[in-house]
Each structure stands twice: as C-alpha cells, then as structure tokens.
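A.B. asks: The lines below spell out each chain.
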Amino acid sequence: DTAVSQTPKYLVTQMGNDKSIKCEQNLGHDTMYWYKQDSKKFLKIMFSYNNKELIINETVPNRFSPKSPDKAHLNLHINSLELGDSAVYFCASSQVTDGNTIYFGEGSWLTVV
Amino acid sequence: GNSVTQMEGPVTLSEEAFLTINCTYTATGYPSLFWYVQYPGEGLQLLLKATKADDKGSNKGFEATYRKETTSFHLEKGSVQVSDSAVYFCALSDPGNTPLVFGKGTRLSVIA
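Protein chains in written order, with our numbering: chain A, 1 to 113; chain B, 1 to 112.
What the hints contain is simulated information worked out from the structure, not anything from laboratory work. Please note: incorrect hints may appear among the correct ones.
[Claimed, not checked] Just a sample of chain A residues kept apart from chain B, beta carbon distances all over 10 Å, derived:
| # | residue |
| --- | --- |
| 1 | S20 |
| 2 | E24 |
| 3 | K41 |
| 4 | S48 |
[To be verified] 20 Å max Cα-Cα, derived SDA-like pairs, lysine to any residue:
| # | chain 1 | residue 1 | chain 2 | residue 2 |
| --- | --- | --- | --- | --- |
| 5 | B | K68 | A | G99 |
| 6 | A | K44 | B | R107 |
| 7 | B | K56 | A | G99 |
| 8 | A | K41 | B | S3 |
| 9 | B | K60 | A | Y103 |
| 10 | B | K104 | A | T101 |
Glycine included, every Cβ here is placed at the ideal spot set by N, Cα and C.
Please take these sequences and the hints and turn them into a complete structure.
C.D. replies: Below you can see the structure in the form of structure tokens.
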C-alpha cells in the first residue's frame, strides 16, 4: 500500500484552465503539506495543514487553493493556470510523534502549455 | 530564519569511489536533520535522519553525523554504485509541526 498517494502523476493542460491534484495518506498522520519543485529541483513549501486546519500558507498566488476534507486528504486546486505553474507538486505528511519525519508522495508533474 | 546550504553539483564519481556531500545549516533551535534522495522521475524518499547532536543516521551504506559544533550534517558513502545516481537533498525541521526546509539539492552521477 502506498503511504502517500497523489493523482494524477502527469498532467498536461492549457493556459487558463483549472485543474486539481488529489492527495491521500494512510499513515494516520495529522499534518499534510504541499511542496512545489521547480525545474532546478528547488523544493519550496506551499501549504501545511494540521487536522484539516491551515497552519502555513507561504507566498503563493491565490489561484492556488488547498482543501482538506479530512485529515487523510489534502487536495490542491489551481485556477487560471499559467505557464509558470509548470512544476512538480509533491504532497507529504508527518506526525510529531515520529520526529516530524515527512513522507512524500510520488509527485504530480504539471505541464502548462 | 532556518536555512540549509549544501554543496552544488553536479558531482560525478566512478563506481566504488568515496562520496561526500557537504551540508551545513542555520537554525534558531535544535532541529532534526534529514537526507532525502530523489531518483530520476520519482518522488523524494527519506534516506536517513538524526534528531539530536552527535546522532549518526545510516541507511543503504550512507551515513551522516549531526555535528552541532560545526552545524553540519555531511552525507558520506564509502563505495558508490551506479544505482546511487540521483539528486540528494539535505533538510532540517524544527520541533513541532514545522515543514522541512530543504537545501537546493546535489545531483550525483556515478559512472561505471
């Protein structure tokens, strides 16, 4: 069983479209994250949720809207996609009692054309 | 704020060579330190971690020691293999529900 799973793995879409990436973790963790990896492999935190509550919201355009229906799911919706949104988006989760070790999903490769 | 600095790549080594990837950090408290590995086309996998000073994390022949006096967490492997070719990320996390802060990654290429 995959611990942190996200779908779709690959997504190619046109500028201006709206798309969503879904994420689920079966580790029983309280905290979930979205990270963005750019073309130079640099990883940056976008959002962090703890028990469905938003606790970190870095400087991200408000076209990006995370939604956590329960603590096992954290979805990312992106409106009006732009070329610069092309990146790999990683979902992750952690638990304080596990030394805050973060476990990542396999990534969603988004290409905006 | 917290930050991680790791040596820039790419690093190219011959099989069975000794590997060191340097990582230093800046943190306000007593962070946990991590190395993650990303193989081509895949996500990030935890390679090893250390949660307090002088701890040594080890996995798959890799090891790193948490050095508080030099604020470092260098990754080493005695004999690399072609299958170790990947991007390696050093990261830190403060206690509590704080996200990881990553270094910029170091690409390692091992040639036969």
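A.B. asks: If a hint holds in the structure, say so; if it does not, say that too.
C.D. replies: Status of the hints after comparison with the structure:
| no. | hint | result |
| --- | --- | --- |
| 1 | S20 | holds (19 Å) |
| 2 | E24 | holds (14 Å) |
| 3 | K41 | violated (4 Å) |
| 4 | S48 | violated (5 Å) |
| 5 | B:K68 <-> A:G99 | holds (18 Å) |
| 6 | A:K44 <-> B:R107 | holds (18 Å) |
| 7 | B:K56 <-> A:G99 | holds (15 Å) |
| 8 | A:K41 <-> B:S3 | holds (16 Å) |
| 9 | B:K60 <-> A:Y103 | holds (18 Å) |
| 10 | B:K104 <-> A:T101 | holds (19 Å) |
Of the numbered hints given earlier, the model fails hints 3, 4; all others are met.
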